[in-house]
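*Asks:* Sequence:
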Amino acid sequence: MSGGSATRDDATIVEIFASRVRQLGDAVAIRDERLETAFTWREYGTAALRAAAKLRATGLQRGETVGLMLTNRPEFHIADMATLLAGATPFSLYPTSAPEQLAEILRNARCRILITEPRFVRVLRAAVNLSDLTASTVITVGTPSWTDLVAEGESIDVDEALDACRAEPSDIATVIYTSGTTGAPKGVELTHHNIMSATREIVDHIGARCDMWSVSYLPMAHIAERVSTHYAHILAGSTVVCCPDATRLIPMLSDVQPEIFFAPPRIWEKLRAITASDLESGADKFRVRRNTGLARIEVALTGAAPCPTGVVEYFHKLGVPLRETYGMSETAGPVLIADVDDVGSVGRPLPGNEVRVADDGELLIRGPSVMARYRDRPDATAEALDERGWLHTGDVARIDGCGRVRIVDRKKDLIINSSGKNMSPANIEARVREFGSPLVEHACVIGDGRPYNVALIVVDPAQAENFPTAEHLHTAVGAYVGRANARLSRVEQIKRFVVLTTQWLPGSDELTPTMKLKRSQIAKKYTAEIDALYSAAPTEAVPT
1 MSGGSATRDD ATIVEIFASR VRQLGDAVAI RDERLETAFT WREYGTAALR AAAKLRATGL
61 QRGETVGLML TNRPEFHIAD MATLLAGATP FSLYPTSAPE QLAEILRNAR CRILITEPRF
121 VRVLRAAVNL SDLTASTVIT VGTPSWTDLV AEGESIDVDE ALDACRAEPS DIATVIYTSG
181 TTGAPKGVEL THHNIMSATR EIVDHIGARC DMWSVSYLPM AHIAERVSTH YAHILAGSTV
241 VCCPDATRLI PMLSDVQPEI FFAPPRIWEK LRAITASDLE SGADKFRVRR NTGLARIEVA
301 LTGAAPCPTG VVEYFHKLGV PLRETYGMSE TAGPVLIADV DDVGSVGRPL PGNEVRVADD
361 GELLIRGPSV MARYRDRPDA TAEALDERGW LHTGDVARID GCGRVRIVDR KKDLIINSSG
421 KNMSPANIEA RVREFGSPLV EHACVIGDGR PYNVALIVVD PAQAENFPTA EHLHTAVGAY
481 VGRANARLSR VEQIKRFVVL TTQWLPGSDE LTPTMKLKRS QIAKKYTAEI DALYSAAPTE
541 AVPT
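Note that full-length UniProt numbering numbers the sequence shown so that position 128 is 128, with each residue one more than the last.
Do not take every clue at face value.
Label pairs and their calculated CB-CB ranges [said to hold, decoys possible]:
no.	residue 1	residue 2	range
1	382	471	49 to 55 Å
2	382	487	26 to 32 Å
3	487	528	27 to 33 Å
4	402	110	42 to 48 Å
5	298	143	38 to 44 Å
6	528	378	37 to 43 Å
7	126	298	42 to 48 Å
8	378	475	51 to 57 Å
9	63	491	51 to 57 Å
10	356	153	51 to 57 Å
11	126	402	48 to 54 Å
12	153	383	47 to 53 Å
Lysine-lysine pairs mimicking DSS-like chemistry, simulated, CA-CA at most 25 Å apart [to be verified]:
no.	residue 1	residue 2
13	412	285
14	495	518
15	495	524
16	412	317
17	412	270
Keep in mind the hints are simulated off the structure, nothing from the lab.
Think of the CB as a built atom: it goes at the ideal place given N, C-alpha and C, for glycine as much as any other residue.
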């Protein structure tokens, strides 16, 4: 889409939204999970404008913050845009966070208003009390507090009301709180300019259009979801379908048949497990894609973690043009997107961005989408952003002669064994998942300062029930580890492992809300299992 001021390089999210409401009026912008309730762009705009007026009436001032703890539902989009139209800054909270974690974020954000759902009210009230905030209003979807917020009052001229809403490119459009594999989360302040610089290049690169559908199912506190199904949806004028329960994603894909789909590697691994037997038996590829909701896919993206090359190659064989991306909260989402042929690479930087590798191998990024700062953390900001504007990503990477970037691992996660050999645990873990899916859900490789690598391997409880004994389960996992080892160098190979049948869930002791391994916490929690793996005793399956 293009038109008017919304095409300017310095156009804000507010201006882009106003342009879409005017241009697309009666076209559908948002659908709910049942595909029954739909908001047209004009209805979306009207609801957001009414809510913005009510928020201002409560005393919300320009630049203040509104916290959103909402699942993927139409009300999120309305609440987020209403906050921006009111001149304030929306930010999202992970529903899996503990009250103490939420309190720290609310305190840092100086949150004025919270918009949530009935199921989250108790934990939010506890967080507000812990945070010592004295003026937090809680608005709950499905109750009179929300109904009053969006209720029809005096008739409004939508075009005139949108014209009255103002935002500057330098205004903070959202704060993304990093999920934090170590330490407290940091609030990444992203301006309208940051977000629209990134989103404009993404939309242009993937060719997003107003006739495309996407599915929103990841937490909106995750930058990848905010960009792919909120900001990009607004810029392209596309339709977003809301999936409030991620466990229903797979069946919902079949109903929706989206043209655009972003998923972390674990979701693509599950889709491969579902379709592999049909494809191997010679079933028609289009029918296989249709049965899993991939029949109309034009843009298939993955990111947030390394994706095994075997998974990417599998979907190419199936006819799905899966590509890897790279970005982070601090870059307002993806700044590198691979071409379909660039298997094993996250591609080249999108226009306007620069990348280089520091002497120690760390990937550095500079460009218009790089964050303004960490909120109230000048120390952390100075550590991440140098005086020349380069963002130090914390990732080790290689850049080939064609400018393609390959991510090795997180700098702090690299294993240096007792012989001084460096290796990437993420690469080893990806190999295990590649061969072990759907039985193997997670693998955590340990080996720093040790003579060899060992692994904690988490299996899917439902899949584990197919094995009569722990010994049979251990043997099956061992076969997958053996296949992975055959694709690894000798020093990378897993020598011993333990099988865990407990689940590692997003937001748990073991995983961040974005499903990254909390390696230091895992090492502490499973000290006994790890010590046993390095003892002389034989390894056995340990169902815990």
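*Asks:* Any hints this thing doesn't respect? Which numbers, in order?
*Replies:* 2, 13, 16, 17
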